[in-house]
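Residue numbers (the UniProt record's numbering): 1 to 141.
Calculated from the structure, these hints are not laboratory results. One or more hints might be untrue.
Stated by the list, open to error - With a straight-line cut-off of 25 Å between C-alpha atoms, the simulated DMTMM-like cross-links for lysine to aspartate or glutamate are: (1) K28 x D81; (2) K130 x D35; (3) K28 x E75; (4) K68 x E140; (5) K126 x D113; (6) K16 x E4; (7) K130 x E4; (8) K130 x E140; (9) K58 x D35; (10) K16 x D35; (11) K127 x E75; (12) K88 x D35; (13) K68 x E115; (14) K28 x D113; (15) K130 x D63; (16) K49 x D35; (17) K127 x E115; (18) K126 x E75; (19) K58 x E140; (20) K130 x E75.
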Amino acid sequence: MQAELRLTVPFRALSKVFVNQIFQATAKVVHIPQDFVFSVAVVSSPIMKNINRQYRQKAQATDVLSFKYQHHAGEIILSADFIRQQAKAHHHAVRTEAAFLLIHGILHIMGYDHERSYQAAQNMQKKEIKILQLCGLTLEF
């Protein structure tokens with residue numbers, strides 16, 4: 001499994017080492033094929049808004065978007081602005097919020113969907129909490 005990190009805005013909460021740690025922890029909880037390649041981008045709200053409009057027909061920014069491509073490849077796009085705002089609103093570290101959203105995006109790419117049902121949402125949340133713990137992080141829901 002490979003992960004590439006691209007920062008289009010200054011964002012110190014994520015580093016290549018930390019991103020790889022998150023992917024390794026996630027792989028301990030859910031199956032990720034060894035040859036899977038991930039791209040992670042951190043962007044501004046205006047860029048996120050454009051991407052969300054283009055691919056989801058929603059004219060607003062969002063915190064995370066994830067895309068699974070045909071052959072063992074996926075892309076996760078995170079909004080630096082949303083991460084900072086949500087961390088502040090929920091009283092936890094920016095690094096924790098960034099890790100949570102990255103994990104959330106990975107799980108979507110691996111087929112998990114919290115919008116299917118209450119049970120699916122609970123299952124996904126349990127996995128997110130476990131992965132965060134493997135990274136030495138905690139998050140209250």
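Here is what the structure says about each hint:
In summary, the hint linking K28 to D81 is not supported, as the alpha carbons are separated by about 29 Å, beyond the 25 Å threshold. At roughly 23 Å between alpha-carbon atoms, K130 and D35 fall within 25 Å of each other, so this suggested pair holds. The suggested pairing of K28 with E75 holds, with an alpha-carbon distance near 20 Å, which does not exceed 25 Å. Simply put, K68 and E140 have alpha-carbon atoms about 28 Å apart, too far for the 25 Å limit, and the pair is violated.
For the hint pairing K126 with D113, the CA-to-CA distance comes to about 13 Å; that is within 25 Å, so the pair holds. Taken as a hint, the K16 and E4 pair is honoured in the structure, with Cα atoms around 7 Å apart against an allowance of 25 Å. Taking the CA atoms of K130 and E4, the gap is near 23 Å; set against the 25 Å cutoff, the hint holds. About 12 Å separates the Cα atoms of K130 and E140, which keeps this hinted pair within 25 Å; it holds.
Using a Cα cut-off of 25 Å, the hinted pair K58 and D35 is violated, with the two alpha carbons roughly 32 Å apart. Taken as a hint, the K16 and D35 pair is honoured in the structure, with Cα atoms around 18 Å apart against an allowance of 25 Å. For the hint pairing K127 with E75, the CA-to-CA distance comes to about 20 Å; that is within 25 Å, so the pair holds. About 36 Å separates the Cα atoms of K88 and D35, which puts this hinted pair outside 25 Å; it is violated.
Distance hint between K68 and E115 is fulfilled; the C-alpha atoms sit about 17 Å from each other, no more than 25 Å. Our distance criterion of 25 Å between C-alpha atoms is met by K28 and D113, whose separation comes to about 19 Å. Restraint check for K130 and D63: satisfied, since their Cα atoms lie roughly 21 Å apart, inside the 25 Å limit. The hinted pair formed by K49 and D35 fails the criterion: a straight-line CA distance of about 31 Å is larger than 25 Å.
Annotation: proposed proximity of K127 to E115 holds, straight-line Cα distance about 15 Å (limit 25 Å). Taking the CA atoms of K126 and E75, the gap is near 23 Å; set against the 25 Å cutoff, the hint holds. Note on K58 and E140: the hinted pairing is violated, with a Cα-Cα distance of about 28 Å set against a maximum of 25 Å. With a CA separation close to 22 Å, the supplied pair K130 and E75 stays within the 25 Å bound.
Violated hints, in rising order: 1, 4, 9, 12, 16, 19; the structure is consistent with all others.
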